[in-house]
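The chain contents come next:
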Amino acid sequence: MHELSIALSIVEGAEEEAARCGAAGVRSVYLRLGLLAGVVKEALLFAYEQACEGTLLEGSQLVIEDVPVLVQCPVCHEPRSPHSLWRLECATCDTPAAGIAQGRDLQIFAMEVV
Amino acid sequence: MSSEPRLVEVRRNVMKKNDVLARALRERYRRDGVFVVSLVSSPGSGKTTLLEKTLTELGKTHRVAALVGDLATDNDAARLARSGAPVKQITTGTVCHLDAEMVNDALDHWPPSAPDFLFIENVGNLVCPSSYDLGENVRAVALSVTEGEDKPRKYPTIFNSADIAIITKSDLAEAAEFDWEEAERSIQSVRPGMTITRLSAKKGDGMPEWIGMLVDRRERWLRE
Chain A
0 MHELSIALSI
10 VEGAEEEAAR
20 CGAAGVRSVY
30 LRLGLLAGVV
40 KEALLFAYEQ
50 ACEGTLLEGS
60 QLVIEDVPVL
70 VQCPVCHEPR
80 SPHSLWRLEC
90 ATCDTPAAGI
100 AQGRDLQIFA
110 MEVV
Chain B
0 MSSEPRLVEV
10 RRNVMKKNDV
20 LARALRERYR
30 RDGVFVVSLV
40 SSPGSGKTTL
50 LEKTLTELGK
60 THRVAALVGD
70 LATDNDAARL
80 ARSGAPVKQI
90 TTGTVCHLDA
100 EMVNDALDHW
110 PPSAPDFLFI
120 ENVGNLVCPS
130 SYDLGENVRA
140 VALSVTEGED
150 KPRKYPTIFN
160 SADIAIITKS
170 DLAEAAEFDW
180 EEAERSIQSV
190 RPGMTITRLS
200 AKKGDGMPEW
210 IGMLVDRRER
220 WLRE
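Protein sequences, first through last, are from chains A and B.
Reminder that position 5 of the first sequence reads as 4 in numbering that gives the first Met the number 0, one-by-one numbering, no gaps.
Reminder that position 199 of the second sequence reads as 198 in numbering that gives the first Met the number 0, one-by-one numbering, no gaps.
For reference, chain A alone in the conformation it holds in the complex:
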């Protein structure tokens, strides 16, 4: 369970961003979470509340947007959906993926501040 470490990093990052835009408080943090980021959403939401305690983010909400995995298909030459995480083949032509094009995201992309 490393979600508490991740939650603490989110809080630390959000505090820095809040300071940068002169915010007095943070209402919501919007996070992009890739399905290959290795983070369990429910555990992260639970840890987030604890991580916020005593900080500028106390009482704020973490809003998570799931980012699906896309693979690099050597045949289609464009990012494609795989069959599944445990079958990383292009779902269009069944070719084994040459790499991950998207899905490792762990990024704060917006914040609602006051």
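All the pointers check out, no bait thrown in.
35 Å max Cα-Cα, derived DSBU-like pairs, lysine-lysine:
| hint | chain 1 | residue 1 | chain 2 | residue 2 |
| --- | --- | --- | --- | --- |
| 1 | B | K15 | A | K40 |
| 2 | A | K40 | B | K153 |
| 3 | B | K16 | B | K153 |
| 4 | B | K16 | A | K40 |
| 5 | B | K87 | B | K59 |
Here are some of the chain B residues that sit facing chain A, going by a computed Cβ distance under 8 Å:
| hint | residue |
| --- | --- |
| 6 | S2 |
| 7 | N12 |
| 8 | V13 |
| 9 | H96 |
| 10 | N159 |
Just so you know, the hints here were simulated from the structure itself, not pulled from any lab data.
Small disclaimer: the values here were computed from a predicted structure and weren't measured.
Just so you know, even glycine gets a beta-carbon here, dropped at the ideal spot from N, CA and C.
Fit chain B to the given chain A structure using the hints.
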């Protein structure tokens, strides 16, 4: 002062701090010619035995050192020290993974001289270490024949983040009725094209191939 809520756009990687530090580590390894191999696996897959034998064998021709992450005890470090290589323990307490900062701290004034190979044994865990870049050149994931062929499909994230899969305890394969082809299919399905090597650290089978692979990769890296 206005207290109206407003939405601000941010583009901030949550792992930024770790990634920045990992990049600095990578530059430092490059400068010192240290090829870094990290090892991840579940507890009990034979990482420590593999590392002990690797340090002993590779230590005959190269300077080697190891950093070992462990939750509480120093058993692993004590075992590895038998190889004669410099070994340092990182006690993580309750933390289930190593991060770049822990590695950076451990490398302060250590090892005494820059090795050719630095091994980093992560905490036994197939989930958490996948998110943390340690600046390593190669991440090897170990899977023992007693764990079952479908483990890669259960933990696709860690297998996908690794460069080499090592199937350990090959001497027990027959007793465990291990299906090699199914295991390799399972690895290839979560990480197409991945290099797979089979070995028994205890009996020595496959060890020369593993050591040869490490030496080749380091030489290639030095030429880059």
